[in-house]
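Please model the complete structure; the sequences and the hints are all you need to start from.
Listed here are the chains, written in short residue letters.
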Amino acid sequence: MTITYREAIRTAVREALTRDSRVFLMGEDVGRYGGAYAVSKGLLAEFGPERIRDTPLSESAFVGAGIGAALAGMRPIVEVMTVNFSLLALDQIVNNAATIRHMSGGQFSIPVVIRMATGAGRQLAAQHAHSLEGWYAHIPGLRIVAPATLEDARGMLWTALEDPDPVLIFEHQVLYNMEGQLAEHAGAVDIDRAAVRRDGTDVSLITYGGSLGKTLQAAEALAGDGISAEVVDLRTLRPLDMPVILSSVTKTRRAVIVDEGWKSGSLAAEISARLVEQAFYELDAPIARVCSAEVPIPYPKHLEDAAVPQPAGIVAAARQTLGRRG
Amino acid sequence: MTPDAAGISPNVTREHGLTLLREMLRIRRFEEKCAELYSAGKIRGFLHLYIGEEAVAVGAMQALAPEDAVVATYREHGHALARGISADRLMAEMYGKHEGCSRGRGGSMHVFDADTRFYGGNAIVGGGLPVAVGLALADRMQNRRRVTACFFGDGAVAEGEFHESLNLAVLWKLPVLFLCENNLYAMGTRIERAQSQVDLCEKARSYRMPAEPVDGMDVVACEAAARRIAERVRGGEGPAFIEFQTYRFRAHSMFDAELYRDKSEVDAWKPRDPILTFTTALEASGNATDDQLAALNRTVADEIATAVQFAEAGTWEPVEDLLKDVYTR
Ligand SMILES: Cc1ncc(C[n+]2csc(CCOP(=O)(O)OP(=O)(O)O)c2C)c(N)n1
Ligand SMILES: [Mg+2]
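Line by line, the protein sequences give chains A and B. First residue of the first sequence: 175, per the working numbering; consecutive thereafter. First residue of the second sequence: 10, per the working numbering; consecutive thereafter.
If you're looking for bench data, these hints aren't it; they were derived computationally from the structure.
Here are the computed lysine-lysine pairs in the PhoX-like style, where the Cα-Cα straight-line distance is at most 25 Å:
id: 1; chain 1: B; residue 1: Lys333; chain 2: A; residue 2: Lys475
id: 2; chain 1: A; residue 1: Lys215; chain 2: B; residue 2: Lys272
id: 3; chain 1: A; residue 1: Lys475; chain 2: B; residue 2: Lys42
Model, not experiment: these values are computed from the prediction.
Here it is in C-alpha cells:
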C-alpha cells in the first residue's frame with residue numbers, strides 16, 4: 175500500500191495504543207491540534223483525551239512525567255515537537271531517564287519512548303532545525319534510533335516500547351511527507367542493527383535519518399561514474415552496530431560518513447574514531463566526513479542548503495577517497 | 010488626567026489618535042502582504058501573523074523611550090514595526106535578503122535590531138524572559154533609568170522559564186515590564202486546557218509582582234496602562250506584569266488547519282477588531298474624516314509597496330560567507 179512516513183508513524187502509534195492499554199501519547203498539541211507535524215491527527219477522536227493527552231508548554235514537566243509514569247508501569251510515548259525544544263527537558267532526559275536504572279542498582283527501569291522531529295531543510299532557521307541526536311547518542315543509558323525508511327517509521331516504535339529502557343526516536347522533518355510502498359502486514363522491526371541499503375564494493379557511505387535519501391542519490395551518481403558505493407543506514411545511533419559497519423568497510427576499504435550534525439564532536443567523529451581503532455589496517459584511504467557546516471542553521475534557502483550535507487558533497491568526498499578529483 | 014481634548018479618550022489628541030491608527034494599519038497591511046508573499050513562495054519557513062493583536066504592540070510601545078529595550082517572540086513583526094524598524098529592512102528579512110535587519114539570517118521569527126534595542130525575535134517559547142531579566146539587571150547595576158519590555162504569550166506562562174524569571178526579577182527589583190499577550194490559545198491549546206489558574210495576573214501576584222489585566226483590543230487602554238505602569242518600573246519600584254487580553258484572528262502559523270476552534274468564535278471577536286473599533290471612534294468623535302482616512306491608507310499602502318520593492322531588489326548573501334558571524338573574531 176502507498177503510505178507516507180507520517181502515516182507510517184501514526185499507524186504504529188495506533189497499533190501500540192490498541193495492543194497495550196498501558197500505552198498513551200502525550201505532548202504539546204498532539205490532540206486537538208492534531209500534532210505539530212500532523213502525526214497524531216485523528217487519534218484523539220479514536221482514543222480520547224486520557225490516552226491522547228495534550229500538555230501545556232512545559233517540556234521539562236511532561237517529559238519528566240513520562241519518565242515517572244514509565245517507572246510506575248505505564249508505557250508512555252512522549253512527543254516533543256522539535257529537538258530544539260527538547261533542550262528544555264534535557265535535565266529530565268539526561269539526569270533521570272538515563273541514570274535511574276543505574277543509580278538504583280538495577281531496581282528500576284524506564285520504558286519510556288520519546289519521539290521528536292529533527293533536522294533542517296524547511297527554512298526554519300536556527301531554533302527549529304538542528305540535528306542534536308548525536309549529542310543524545312553521547313549519553314549512556316539512552317537508546318537512540320533514527321528511522322529513515324517507511325518500514326522503520328512503521329516498525330521501530332513497538333520495539334522501542336517493548337524495550338525496558340528509554341528510547342529516543344528522531345524523525346527527520348523532511349521525511350514526514352516521504353511517500354512509498356509499505357507491505358500491508360508490515361510490523362515491528364529490530365532497533366539494534368544497521369542495514370545495508372545498497373550493495374557496493376568501492377566505498378562505504380555510512381549515514382542515517384534525513385541524510386539516507388541524499389546518500390542514495392549520491393551512490394546513484396557515483397554508479398554513473400563507474401564507482402560502486404555501498405550505503406549503510408545506521409538506524410540505531412546508540413548503541414552503534416559496529417559489526418555491520420566494520421564488515422562493509424572491510425569489504426570496500428574506504429569510508430565516507432554522512433551526518434547532518436556539526437562535524438566537531440559529532441557522531442561521525444565517533445564512527446571515524448572507531449574505524450581507526452578497529453579497522454585501521456583495512457583502510458586504503460583516509461576516512462572522509464560530510465557533516466553540517468559549523469554554523470547555526472541560517473534562514474535563506476541557499477545558505478541552509480550550503481550548511482547541511484548534499485549529494486554533490488557526498489559524491490566529491492567519495493571520489494576523493496578513490497583518489498579522483500573534481 | 011487632562012481633559013478629553015479630542016473626544017476620543019482622555020489624553021489622546023487628534024494627532025496622536027491618527028498616529029496610533031497609522032501604526033496599527035502599518036502592521037495589518039504589512040502582514041496581509043506577508044501572507045500573500047508566503048503563498049507566492051517569497052517568504053518561507055514558519056510565518057506567524059499578529060493580525061487582531063496590533064493594539065497591544067502599538068499601545069505598549071508608546072510607553073517606551075529610545076534607550077529602552079524590547080524582547081519579543083516569533084510573532085514579532087508588529088513589535089518590530091511599532092518599535093521603529095523600517096518596513097523595508099523588515100520585509101527584506103522576511104525574504105532572507107542580505108539587506109534585512111538580521112542580515113537575512115533570521116527570517117520572520119528572528120528579527121533583531123541594535124539601533125532600536127530590539128533583542129529578538131525568539132522562537133523558543135519562554136526563551137526571551139530570562140534574557141529580559143538580564144538586560145534589566147545590567148541597567149540596574151549601572152544605574153540607568155531604562156526599562157526592558159518583554160512580550161510573550163499565554164502559552165509561555167506554562168514554562169519554567171516564566172516562573173524563574175518573574176521570581177528573579179522581583180527578588181532583584183529589576184526594571185522589567187512583563188507584557189503577556191493572552192490571545193487565549195497556544196497553538197491549538199486553549200488556556201483552560203493548559204492552565205490550572207487562568208487568571209494570569211494571579212500568577213504574577215504570587216511572586217509579589219504588581220499585575221493588571223487590560224483590554225488588548227483597545228489601543229488607548231493598552232497605551233494608558235503601559236505608560237502608567239512603565240513609569241513605576243522606570244522609577245525603580247521593580248518589575249510589573251500586564252495581561253493584554255486579545256485574540257489572534259488568523260491561524261497560529263501558515264500550517265495550521267485550525268481544527269481546535271470554530272469559525273464562529275473567530276467571527277464573534279471580529280467586531281472587536283482594534284483597527285475597526287478605533288477607526289469608528291475617531292470618526293464618531295469627528296477626529297478623522299473620510300479624506301483623512303483615505304490618505305492614511307494610501308500612505309501605508311505606499312510604504313508597504315516600497316518595502317516589497319526594497320526586498321525584491323535586495324541581494325542574497327554570498328555562500329562563501331556561510332560561516333560569518335558565528336563568533337565575533
Ligand atoms: C519551548 C517551545 N515549545 C514549543 C514550541 C512550539 N510552539 C511555537 S509557538 C507555540 C504556542 C505559543 O503560544 P503563546 O505563548 O500563547 O503565544 P502565541 O503563539 O499565542 O502568540 C508553540 C507550542 C516552541 N516554539 N518552543
Ligand atoms: Mg497565545
